[in-house]
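Novice: If you want the building blocks of each chain, they are given just below.
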Amino acid sequence: MSDAIHCDAIGSCSALTIASRVRTGAWHALDVVDATLARIEAANARVNAYTAVTAERARREAQAVDAAVAAGRDPGPLAGVPYAVKNLFDVAGLVTLAGSRINADGARAASDATVISRMAAAGAVLTGTLNMDEYAYGFTTENSHYGATRNPHDPTRTAGGSSGGSAAAVAAGLVPLALGTDTNGSMRVPAALCGTYSIKPTYGRIGRGGTFPFVPSLDVVGMFSGNVDDLAAAYALMQGPDPRDPFPRDLALPLPDDGLGDEPGELRIALAGGYFREHADEASWSAARTFADCLGAQAEIDIPLVAQARAAAFILTAAEGGELHLDHLRSRPDDFDPLIRDRLIAGALTPAAWVQRARRFRRRFHRIMVALFDDIDVLVAPATPVAAPELGQETFKLRGRALPLRPSLGLLTQPISFVGLPVLTVPLAVPGLPLGAQLIAAPWREDRCFRLARSAERLGLTRPLWGYRGAS
Amino acid sequence: MSPCDLQSLQAARAYVQAAAGLLGICLGQERPEAAAANMVRLAQFAALLEELPYDADEPVAEQFLP
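Protein chains in written order, with this note's numbering: chain X, 1 to 472; chain D, 1 to 66.
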């Protein structure tokens with residue numbers, strides 16, 4: 001019999017700590033799951049992160065892990081680690097909601113998404129599905145069908161979106177790992193506002209099979225965690241080709257554990273200024289600048305045409321999203337969240353010439369960004385213009401200007417994902433509400449993001465999630 | 001359709017109503033206004049891109065991969 005595990009204690013355990021204890025038999029995976037389910041039962045109402053809890057499946061997966069340990073078989077590197085997924089991932093036996101009412105009328109998924117299969121093969125235990133903006137079109141997870149997800153640091157504030165449930169579940173200590181997706185900032189914004197880590201890999205890096213799309217030419221799968229090692233462990237397991245997604249290739253590319261050191265060392269670091277300075281408030285900008293300075297950033301770079309990159313991303317998003325939902329815009333317009341429906345309608349009607357111009361510009365901006373990485377290894381930028389706004393807030397002030405909140409929380413993330421670059425978001429060591437920084441690298445060089453993030457974590461430049469949990 | 005043409009709410013409303021009719025989207029009573037406001041924002045972004053020099057040689061046909 002393993003030691004009893006209290007549900008509050010499990011909320012402050014990292015994924016790798018749990019896996020280590022389960023693998024050695026010190027803890028039973030079933031006890032971990034029961035403690036996790038008790039914590040979800042006790043704490044989820046405060047944040048509204050979960051839309052479904054898969055208790056039966058979780059206990060079944062945990063029992064399989066315990067059986068493997070008892071039989072002397074390798075239970076996998078994430079043995080017994082509880083996790084949850086944004087509700088646009090297929091989970092066998094559940095309807096894939098994608099945050100919508102319309103999808104709720106659809107058939108149950110026959111099989112798991114590719115990345116869920118990989119988590120299961122690694123011994124991780126699925127505990128449920130998580131709230132999001134309808135069809136991932138938003139940055140606040142104020143979902144008119146399933147309620148708003150609240151920020152664990154202040155439940156009157158947004159958790160960010162569209163993967164708001166994923167970030168909130170990790171930040172509230174419900175699970176140490178959660179999967180999400182990022183199109184224009186849907187992982188980076190909630191990670192920053194909730195004070196978690198997230199990795200948005202290079203576009204095409206991780207298979208999207210069995211996920212409900214938003215903007216296929218921008219969508220990527222990624223994950224949230226409370227520390228760098230957990231993130232690296234989960235990320236490493238996600239690699240490889242996916243028969244349901246044409247893009248991931250079986251590339252022999254550096255993974256986080258290749259050549260990771262404890263110091264920034266020889267990494268050439270720069271801070272993104274210009275547009276990024278102008279579109280962040282003083283607190284967000286100062287936090288990112290201090291972070292970069294402490295890591296030895298050698299320059300502040302004014303990248304050209306960033307505003308145009310955001311504009312082009314906005315157009316592509318609207319057009320692809322609108323086309324994807326055209327049939328339901330015709331047949332079930334009243335079943336959409338009204339704000340999202342009206343954005344999708346405009347997107348569906350976007351003149352083709354504008355879309356083609358945006359695509360044409362994408363190549364140009366890609367060359368600009370790739371050339372930048374001839375001289376630097378990691379670019380640091382603030383992740384959001386401001387800290388978490390109040391729920392229901394319509395606008396926010398940025399350097400004296402009032403901006404619409406919902407589309408503008410992605411001001412600093414959209415230009416980067418527009419050309420598919422990998423970004424690791426770190427929680428910054430600031431008092432009060434969380435703020436995040438984006439660590440951006442050249443395509444396929446996620447390893448550099450991980451290396452800098454781990455250095456920053458060890459230097460005390462990031463915000464410890466466990467400390468927050470202990471204080472709550 | 002030039003982006004400049006759609007940066008007024010009135011013009012955007014007319015465009016949205018006509019285009020939605022062609023595509024078979026029923027806008028009802030309130031949606032023309034909201035969809036038009038979103039179209040104005042898209043037009044502003046499109047205008048920003050049209051300020052750049054046009055590069056006819058830029059390939060756009062194949063799938064983007066970084």
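Simulated from the structure, these hints should not be mistaken for lab results.
Do not rely on the hints blindly, as some may be mistaken.
To be verified - According to the in silico footprint, chain D covers these stretches of chain X (three or more CB under 8 Å from chain D):
(1) 73-86
(2) 89-95
(3) 118-125
(4) 137-146
(5) 342-352
(6) 417-425
Stated by the list, open to error - Beyond 10 Å from chain X on every Cβ pair, some chain D residues (computed):
(7) Q7
(8) S8
(9) L9
(10) A11
(11) Q63
The structure displayed is predicted, hence computed values, not measured ones.
Note that beta-carbon positions come from the ideal geometry of N, C-alpha and C, so glycine has one too.
Novice: Determine for every hint whether it applies to the structure shown.
Specialist: Results of checking the hints against the structure:
no.	hint	result
1	73-86	violated (count 0)
2	89-95	violated (count 0)
3	118-125	violated (count 0)
4	137-146	violated (count 0)
5	342-352	holds (count 9)
6	417-425	holds (count 3)
7	Q7	12 Å, holds
8	S8	15 Å, holds
9	L9	12 Å, holds
10	A11	13 Å, holds
11	Q63	7 Å, violated
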